[in-house]
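Q: Take a look at the letters that make up each chain.
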Amino acid sequence: MNAIAEATIEADPTVPIIRITRDFAGTPAQLFRAHTDPELFAQWVGPRSQQTRIDEWDARSGGRWRFVSTSGKQEHSFHGCFHDVRPDRIVQTFTYEGEPDGVALETLWFEDLGNGRARLRTQSLVDSFEYRDAWLRSGMEAGVNQGYAKLEEMLAHGAV
Amino acid sequence: MPAEELSRIFAALADPTRRDMVTRLAAGDATVNQLAEPYQISLQAVYKHLKVLEDAGVVSRPPGPQPRPVRLEAEVFDLMDTWIERYRRQAEQRYRRLDTVLAQLNDAETGPKEQKGSAA
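Chains as they are written, first to last, in the working numbering: chain A, 1 to 160; chain B, 1001 to 1120.
What the hints contain is simulated information worked out from the structure, not anything from laboratory work. A couple of the hints might just be wrong.
[Said to hold, decoys possible] Ranges between beta-carbon positions, derived for each pair:
#1 B:Ala1045 / A:Thr14: 19 to 29 Å
#2 B:Gly1064 / A:Asn115: 50 to 60 Å
#3 B:Gln1066 / A:Arg86: 52 to 62 Å
Just so you know, even glycine gets a beta-carbon here, dropped at the ideal spot from N, CA and C.
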């Protein structure tokens, strides 16, 4: 089996969108299941250091979802609606409850690549560049909290 | 780049207006007037924001004829790439967990008949 390439990401310069593409050793139907079956979804959505508790889950067009990510005493909750659920595409809204005014419109496509492989394409549209960059920065802040480790490495190598 | 310099960059970028300016400068140099255009704030306030960004080494205004354009420093591009790269890596980690889930689904579907569907 060919090695699976890592996820690619694109932050669109003209609209506040983040796009991520990743290929999987699985069929579109399996990818769809992993995104709509709450037990399966909880197994992969959060980091290993966190527990994902599914609060509400109605993976049908018009249904609601909510899950809580816990790590020690820290809890982060997320909710949204399944706008459109079909085997090749899910459209949903996504809100991080720590930032309740923010809402992303997410589209996920499950494409068949043949030979039991599938491509997942996701697109998250947020309401401003500011919000998108804050979102991207949240990954950076996680790094900062871990002690600037990666950045220091880059600095040491003169990359920054 | 020492850690306090880095902290100053993060502090400078903690403000939404300044972050917005930086995002717009990523598309190309701009004069102060062009930068100020979309905001409901005084030109003086814009200069104040620019001063913070300049002091943090995020932007510069190379000497030359007026109006001098504001320019994003190259290192900041690298820093923004770092944000995106970290975000990408988080996604990649998430998808590696999804790989495991899919492998289990595959095993369940191709395994002995009596185990069919047991992973669901």
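Q: Could you see if the CB distance from Ala1045 (chain B) to Thr14 (chain A) stays within 19 to 29 Å?
A: 27 Å, holds
Q: Quick one: are Gly1064 (chain B) and Asn115 (chain A) within 50 to 60 Å, going by C-beta?
A: 58 Å, holds
Q: Cβ-Cβ distance between Gln1066 (chain B) and Arg86 (chain A): within 52 to 62 Å?
A: Because 58 Å falls inside the window, the suggested range holds.
Consistency note: the structure conflicts with none of the earlier hints.
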